[in-house]
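Relying on the hints, combine the two individually framed chains into one complex.
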Amino acid sequence: MKQPVSLPRLINDIVDSPISPLVDKAQEADRKAIAYTCSFVPEPLLNVEGLFGVRVRAPGVSGTPMADTYLSNVICSTVRSILEFVLEGTFSSINGWVFTASCDHMRRLYDNLDYLEHPDFIHILDVPHKRSEAAVQWMREELSMLAEKLADKFNVVTDDAALSRAIDAHNEYLALMRDISDLRKRDHPPLTGAMFQALIAAASSSPTDLIIPHLRVFYETARNAPGIDDYRARLLMAGSHCDDPHYIRVIESTGALVVGDRTCTGSIPALAPIDDEGDPLTVLARRSLSNISCPRMMEEFDTRVEEIIAAAKEFRVDGVVLETMKFCDTWGVEASPMINALRKAKIPVLRLEREYSLGSEGQLQTRVQAFMESMGK
Amino acid sequence: MSIYDLKGARVSPMEQARTLYYKAEAYGHIANMGLRVGPLTMLGHLRSKPWLKVLLDCGTLFDMSTKGREGLYRQASAMALSRVVKAITETLEGVFTRPEYTVMHEDLVPPEIIYAMGLNPWMAELLGIMGPLIRSDFAERYIDVSENAGTPPDICSLPKATMGLALKGEMPRPAAILTSNMPCDGGMSCYTVLERELNVPTFRLDVPYNFYDERSTKYFADELFRAVKWLEANTPGRMDWDRLKEICDERNRSVEYQMELWDLIREKPAPLAGEALYLGHMIFMVAMPGRPACTEYMKTMVDMAKRIRAEGGALHNERFRAALWNPPTLVYPELIAWAEQRYGVVTLMDMISYNRHPYIDTKSPQTIMEGLSRIIMQGPMARHTRGPQTNFFTDLFDLYERFNLDMIWMAGHMGCKNTMALNGMFREKCRERGIPLLIIQYDLSDTRVVSPAEIRKQAEGFMETVIKAEPSK
Ligand code: SF4
Ligand code: SF4
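In order, the protein sequence lines correspond to chains A and B.
Sequential numbering of the first sequence, starting at 0, is according to numbering that gives the first Met the number 0.
Sequential numbering of the second sequence, starting at 0, is according to numbering that gives the first Met the number 0.
Next comes chain B alone, as it looks inside the complex (with noise of 0.2 Å):
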């Protein structure tokens, strides 16, 4: 990963030591993971998972989210990276501990599910999404084993890397594999090549098309009853209902502060911005929501960003207000950073985080399982590359007006075919409504396409063509 073109803000000697000290807390919990998994067994999985050496060059991701960044900002930006780096080798610690407990599941799964049923949800896209945040050629490896096994270079490099990992025997092999027809083709039918490369037992949940009414509720909510009893028969977890509420109550207060803190970050200036709010939520709340972790961070961020705004905001000079659509650009997350840096621009949202949070009704397990449906259906990416068209304009002229935004950046993935066939109709209907638009070309996973010298100049062009700001000095 490259932060050559974040400017080091000035720090007092006490806010470096904090970062210092999240940085250092990161490492202690890959230490940690190590001696709890056992260090010849450590040993073992870092000679058969190479990718699992990214996580030591994890002080990248925290240099890149402080250096320009001061005060608490800066601090809770290395505390939410700390967090999240727990949060993984916690869930890698699972992996390598409990195999026969692993269920594989595709990111748009309900884990709350599997969590229940005493087993280890592993989300297979963590490691697409994860390692090109620390290191953007993190995937290309695996891209291209997966195109050299005959994938098209066309196809998402998400699902290519996943497939790739699987192809190249790297990704730990789980009990089960539990997947739906989401988000998209390409994710959908990575599932084929994982399921014969790891020779597991593999259940697909079927999610309408069209979600917005009780009947798709019930056709996916039985699904998920099926995929309970397939389960149990496949692999040693049984479902206790009891638990399932627990997480699921876990998951409706984890919402409330989030809740709160969007009410938060719609103030002038935002009390809170970047990769607290996106990479927090995609990790405590897709990857692993219902989790006493998940709440304690979302608090934490709420009270970090109560304290953020008594200090004048997370950035002194907010200009700009944006939202970051599309899955983030993985290979090049100092974007965010950058953009505050240079043009005063702070990203408040974006489309992993942007998710409908309908709370759960825990009453019985009926009204459990279609909560978690419309959490899934009405979940981020689901309802914007799945759903009809109307579901990505309307939530995204809504999220305009409610965090009171400038403009809006189209993260425009080119192997993301759903959004690319939107962006005619994006540009039209932005043009009407008179809000900025820039739609950033570039391949999420993979820096050969686009490199993040040429996404910057993107950015850089936009803002002082279109929006006529002065870069700072």
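Bound-form chain A, shown alone (with noise of 0.2 Å):
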């Protein structure tokens, strides 16, 4: 496939590696670098001033031998991988740690982290299983204390005052990568599905302030770049965890191209704007929980499916890929009810099951290429 724009290379050099560059400057100018791990978080909490979200990741992880001690080998290894990278020492400049009790794994990966390295900060947050009233209630809770607990620790301002003003710059983030998203809808788009999500790794893990120029240099030119022509089908990425770009470059090297991403990395519905209207907290709580892509979210199969089917038209694709980590419950149960779904509703849907890491490119090809003369591309 020809690809009429390349990533800025600051964009490759923060995806291959696992902390970003920007980290640093941020650092070298007193900010702390709050490490999370899971979408549930709320980013404009922890970009207060003084302060900044890093999603953390493991890229290149070669093997978790030191994870898989303490984890056992039946873990998901996303969550394997962030601890060997931990254990590794990795992560030492991070400044504090921020969870969610989102799936057993990552529960276990917050007792296991703490246990291991005692954190000078670190904090789970109990995130409701259901987006009821009672649970936004709950959930605004939660975030009130963690922002308490971070104004202590960190000496900084969460008040709602500081809160607005994180959401508006958040928002400008989220409205950049919405252009960018809306690139991909067009018959041609200028971006393949790797570039976008090189993008969102890059942007989820530096501080949002200090990557968006970057953003929107690449911005400029994906706009009046001409697309991508050669392309045999157009694809929806939905399913769990996938922060590797290089996933979805073998995809794409089957000559599929990845138009759209639900799943707990990409940007639907994670781009989707943040209210800037009323208590922050409560925007902050009911945005997080109205995350329903997760299939932790126990109610919302149907809408789920909905959802997916909703963005599959949306970004006019000929098939879904479902892929999902091995060895998370969740989407372990859920995908083949999911998959039934889905055919019922006439969506061609190919399921993969990954490692963090990847492996045998050969084999993940040749299913996509299966999975594309199934449609007739």
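Just so you know, these hints were derived from the structure itself, not from any lab.
The beta-carbon is built from N, C-alpha and C at its ideal position, and this holds for glycine as well.
Misleading hints may appear alongside valid ones.
Unchecked claim - Straight-line alpha carbon distances no greater than 20 Å define the calculated DMTMM-like cross-link-like pairs of lysine to aspartate or glutamate that follow:
(1) B/LYS228 / A/GLU132
(2) B/LYS428 / A/ASP113
(3) A/LYS129 / B/GLU194
Claimed, not checked - If you only want the chain A side, here are some residues facing chain B, beta carbon under 7 Å, derived:
(4) THR68
(5) ALA100
(6) ASP103
(7) TYR114
(8) PRO118
(9) ASP125
(10) ALA133
(11) MET297
(12) PHE326
(13) ASP328
(14) GLY331
(15) VAL332
(16) PRO336
This is the structure in structure tokens:
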């Protein structure tokens, strides 16, 4: 596939390194890096003045022997890879950690990391599994406790005004990324799915304000660039964690083009604007719980299916790739009924189970090729 | 089920007759269920739900539980099993005769509420738990159904067996489902499949992760109130608060006896162990709490324990005391009787039984719901597999002291990722405290992963190399 634009070098550098060079730059300016691991953490709360959120990744992890000793080898490899890097000291410059009780695996990552490393600052958000008003209220209280703890520990201001400013700044980032994402709706998108994932991965693991200028440069180039016109099929990627652009690159090496992503680390619904009216903590709580793309939101199976169908229409895809992380229990159970429901809606689906680090590329390519052939592409 | 590795105890004809009596009584309960449901209807159920036939094998559970035991301990074990069978047949009878009043619930939802609304509580996981205890390969065909439908092999075999029963069309169809986000992701998610396969309205309770505070209790109690409203809208059940109070008072009485029983088993030698403790708790305190039969069971076991104490303890040659942590080895329940016989190890406590047992304040509907919330949140499995690791370890080390234990046996079910992810920490913490720890690698309900013989071998290796115990001849 011919690619009319390429990514800025800095983005590629960030994607391939566990700690973004922009993190060091922000820390030099005396800002503190707060690591998080899950899309239920509301970024603006970690982005108040003096702090910045870093969604940790483990690019290039080559095995997880130390993490396996503690977590065992039946735990999701995203979680094991992060712990491995922690134990190797890769994240030693991080100033604090925020987890969520989102799934069994993440909870035990929190337990083990706390036990093994005793970080100076560690917190776990108890995120409800539903989005009722009572749940929103609960989540608001959770965020309020975290805000207070952050303020105490790092001597920063997390009051309503500070949060509103952080929400506004984050909205600027979201709007820019939506603009980039919209380019993918074109008949001939100027960028690949792998490029888009690289942008998201780089942005979420860097201080937002420092990455925005680089994203803007890319957007300006891409929006005027010619589109890719030799792809064979348009795909939507749905499923669990996938912060590795190389994985998408392998899928796209078959001639497929991933034009939308409804994954835990993707753009739908993560790029939706944040309400800037009303009590900021309630706004953030509601936003977290409206992210029902993860099956840990136990009441939302039907809505999840509907939203995938809606996204498939919006991005005019030929088929959906449902990628799930091996050992993930929620996706493990939900994937089959979901595939049945999507097929019932006449959407072709390919299920891929994967590990965090990329392996057996040939097999992946063969499966995607066969999928495209089954769609007559 | 195989009991080949148990040696028969030398018992008097009188003792043998007693065991036979309880066995016959259990079969009588099964026959009674058939009669009350109606022989023809029952035949229909047998055809559409072949798993029912496993009940006819319950005699093997008796053999396993009595074969190597003597005296009153043998009698208590047989009596316990007969009552367990009675409770199960009564539940099934309700499911078969009043399906429109039956509410299927997940094992960590308070059945007291369902019961007080004039509905039949039907714990979905009961079959997946009881089946393998009676016939070790019971769950395997259902696990296969579930895997053939796309569930990955690494998911816990208990939810897989439960889903398999529904996917195969053998799960009785209730009027509604009441479930929650407990005890784990696999357990929670399997209700997506159950809801769709059984096609019934479903309510899900949200239980906070860190629950040792009033804020969590209040949140969960409010969820319970919402569940009551929902059940009233979706089933013929109506909440009778006076009835709920009676049920909770009854539960409190059962707990008093259970606490007395726990005090008794702290003594050396222990006056009771094994199935009479763990199975009784699982059925009467987890699946069917708050009924007079539950209090009666606990009271009887207290009386038996006192008599056994006077006889010199359950095991005359008690040499070691252990907890069997995690859900017990369903595919190899003989492990407990075998360990008694071979090494003089009594199994006194397990994860399912180690409830915090808070009493319910029955002053008002609010205090009742808060009491029930605390019981569930601090209940068996819930606080160990879901909450922070400190719940798991604090309890274990607490019960290690409380019951004067010599070792911990961890039934390291490979599908239970919550506990698998604590094993590294577990080993280190036990080493620091000098607590001998055996982690048995196996699968809760699938003998094809690890066979009973391999489970036994792991226990033998530990007893002989770590504990340096001489096996009895
Ligand atoms: S992929 Fe699944 S198991 Fe892994 S972190 Fe996400 S929800 Fe948890
Ligand atoms: S044994 Fe573990 S994995 Fe299985 S249902 Fe229970 S908590 Fe879940």
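Going through the hints against the structure:
1. B/LYS228 / A/GLU132: holds, 16 Å
2. B/LYS428 / A/ASP113: Holds. B/LYS428 to A/ASP113 sits at ~14 Å (cutoff 20 Å).
3. A/LYS129 / B/GLU194: holds, 17 Å
4. THR68: holds, 5 Å
5. ALA100: Since chain B brings a Cβ to about 4 Å from A/ALA100, closer than 7 Å, the hint holds.
6. ASP103: holds, 5 Å
7. TYR114: holds, 5 Å
8. PRO118: violated, 15 Å
9. ASP125: Constraint on A/ASP125 satisfied, holds at 4 Å.
10. ALA133: Hint on A/ALA133: holds, closest Cβ of chain B at ~6 Å, below 7 Å.
11. MET297: holds, 5 Å
12. PHE326: For A/PHE326, the interface hint holds, since the closest Cβ of chain B sits about 5 Å away, which is under 7 Å.
13. ASP328: Constraint on A/ASP328 satisfied, holds at 4 Å.
14. GLY331: holds, 5 Å
15. VAL332: Holds: closest Cβ of chain B sits about 4 Å from A/VAL332, inside 7 Å.
16. PRO336: holds, 6 Å
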